[in-house]
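J.: Just so you know, the sequences run in chain order A and B. The first sequence runs 15 to 322 under the working numbering. The second sequence runs 107 to 288 under the working numbering.
Since the hints were made in silico from the structure, they are not lab data. One thing to keep in mind: the hints can contain errors.
[As the list claims (entries may be wrong)] Here are the simulated SDA-like pairs of lysine to any residue, each with C-alpha atoms no more than 25 Å apart in a straight line:
| hint | chain 1 | residue 1 | chain 2 | residue 2 |
| --- | --- | --- | --- | --- |
| 1 | B | Lys-256 | B | His-244 |
| 2 | A | Lys-244 | A | Trp-214 |
| 3 | A | Lys-52 | B | Asp-180 |
| 4 | B | Lys-193 | A | Glu-32 |
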Amino acid sequence: MTERRRHAIDLDDFSATEIEEILETTESMREVLEREIKQVPALRGKTVVNMFFEESTRTRISFELAARALSANVVAFTARGSSVEKGESLVDTVRTLQALGADIIVMRHSQSGAPYLVARHFRGAVINAGDGRHAHPTQALLDLYTMRSRFGQIRDLNVVIVGDMLHSRVARSNLWGLTRLGARVTLCGPPTLIGPAAFWTATWPTVRISYDLDPLLAKADVVMALRLQKERMQSGLLPALREYTRVYGLTAERLARLPGHAIVMHPGPMNEGIEIFPEVATSPAAVIEEQVMNGVAVRMALLYRMAG
Amino acid sequence: MSNEKQILSADEIRRALVRIAHEIDERNGGLRDVVLVGIRSRGVPLAERIAAAIADFEGTRVPVGQLDITLYRDDLKLRGPAARVRKTDLPIDITGKTIVLVDDVLFTGRTVRAALDAIADFGRPARIQLAVLIDRGHRELPIRADFVGKNVPTSLSERVMVRLRETDGIDEVVIQRGGSND
Chain A
15 MTERRRHAID LDDFSATEIE EILETTESMR EVLEREIKQV PALRGKTVVN
65 MFFEESTRTR ISFELAARAL SANVVAFTAR GSSVEKGESL VDTVRTLQAL
115 GADIIVMRHS QSGAPYLVAR HFRGAVINAG DGRHAHPTQA LLDLYTMRSR
165 FGQIRDLNVV IVGDMLHSRV ARSNLWGLTR LGARVTLCGP PTLIGPAAFW
215 TATWPTVRIS YDLDPLLAKA DVVMALRLQK ERMQSGLLPA LREYTRVYGL
265 TAERLARLPG HAIVMHPGPM NEGIEIFPEV ATSPAAVIEE QVMNGVAVRM
315 ALLYRMAG
Chain B
107 MSNEKQILSA DEIRRALVRI AHEIDERNGG LRDVVLVGIR SRGVPLAERI
157 AAAIADFEGT RVPVGQLDIT LYRDDLKLRG PAARVRKTDL PIDITGKTIV
207 LVDDVLFTGR TVRAALDAIA DFGRPARIQL AVLIDRGHRE LPIRADFVGK
257 NVPTSLSERV MVRLRETDGI DEVVIQRGGS ND
């Protein structure tokens with residue numbers, strides 16, 4: 015068993031062993047969630063504060079359900095209606111939460127790196143629920159768990175991640191996890207949303223870059239579509255949505271060219287008709303709902319590991 | 107190891123389990139509604155063996171489940187890195203049944219306390235009984251076993267190790283000086 019972890023801000027400091035242990039614990043947590051009484055006392059008396067400075071539905075609710083299933087006290091903190099509106103700084107907020115007895119802060123923030131700042135001023139544990147374009151470790155863990163439960167292992171899987179790599183915290187955290195567990199990862203998207211290949215291979219030497227999706231389909235085990243943020247068009251990085259969809263959208267025709275065992279993933283929320291089509295999202299190959307279900311169990315496993 | 111003393115041989119373990127199987131039958135006036143639940147990890151093979159012994163003399167197969175109590179422990183903080191959590195698997199609805207919890211060593215009683223809490227989350231059995239291969243004393247809670255393979259008076263500095271073919275490759279119970287059961 016590896017050491018108890020203090021913070022979970024990105025997967026960059028998770029070893030393959032630790033990730034495997036978390037995925038194993040997730041399996042047991044899924045069993046808890048299948049019971050009639052979906053609650054165990056492991057985190058009784060602990061206080062988890064969900065601190066969300068950015069909109070989120072599934073991640074926030076998922077963390078809340080996970081903490082409650084472990085019998086923790088859960089407090090939701092949202093920037094709106096709080097002293098943040100009066101100009102309270104992030105560090106002040108964290109100090110206040112600490113004085114109030116928080117044990118774990120689960121935080122989402124639009125600024126990349128904000129959780130590192132919080133971790134420096136908080137004696138308890140910090141879990142990153144998404145920061146800017148930097149990291150989203152629990153999304154990556156639930157993606158890894160979903161792949162592993164479908165294929166038995168991650169090693170040697172051909173994983174194609176399609177979309178806006180430059181702005182995707184989901185892709186970055188997945189890259190850490192997937193490469194550490196030995197998957198073969200290809201990043202695919204328009205050059206303006208991927209940038210130069212060296213930018214990626216400097217950190218993840220085994221990763222491959224492709225600007226063309228179609229040739230990758232026949233050999234893919236997993237295709238993960240990222241959410242395309244429409245504001246990227248205004249910034250001139252994308253010529254037109256229809257152009258993007260024509261080359262990179264997961265359509266029924268592209269789905270038909272995947273091997274029979276392949277799965278389609280999406281971190282949500284989806285832009286249906288842009289990066290993924292409804293008939294693909296609801297096809298048997300899609301595991302998007304499974305990803306959401308696994309999210310609660312993965313977050314339970316991580317919370318337990320850090321506070322249990 | 108030189109500071110190890112065997113207190114039960116493979117044959118003695120087998121006889122103790124067969125006797126416990128008979129006692130479970132007698133105490134409950136038959137085996138209708140009896141469910142054996144092994145506490146992970148070594149309680150599980152012990153429960154399987156008791157079920158096999160029952161099948162031998164009664165010709166009926168009692169259901170066997172397995173219980174992981176990690177998430178119910180009250181001493182997580184004392185155990186360093188979070189302990190590994192394994193799956194709980196109860197084969198049938200336990201409400202109204204006679205549950206026989208099976209564990210290898212009864213010591214402080216805290217594991218059994220956690221197991222009782224876990225069972226309560228799955229339903230309301232008619233009664234819960236406890237079978238252990240070794241009772242080594244030093245209870246910290248008002249808990250006693252209904253079926254005991256062997257009572258072994260120990261000192262707190264000793265450690266009782268149950269080794270089973272399924273988990274350790276050999277059947278024996280030994281007592282070691284230094285260290286204690288957790």
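J.: Determine for every hint whether it applies to the structure shown.
T.: Taking the hints in turn, this is what the structure says about them:
With a C-alpha separation of about 15 Å, the suggested pairing of B:Lys-256 with B:His-244 holds against the 25 Å cut-off. Our distance criterion of 25 Å between C-alpha atoms is met by A:Lys-244 and A:Trp-214, whose separation comes to about 24 Å. In summary, the hint linking A:Lys-52 to B:Asp-180 is supported, as the alpha carbons are separated by about 19 Å, within the 25 Å threshold. For the proposed pair B:Lys-193 and A:Glu-32, the alpha carbon gap of about 19 Å is at most 25 Å, so the pair holds.
In summary, this structure violates none of the numbered hints.
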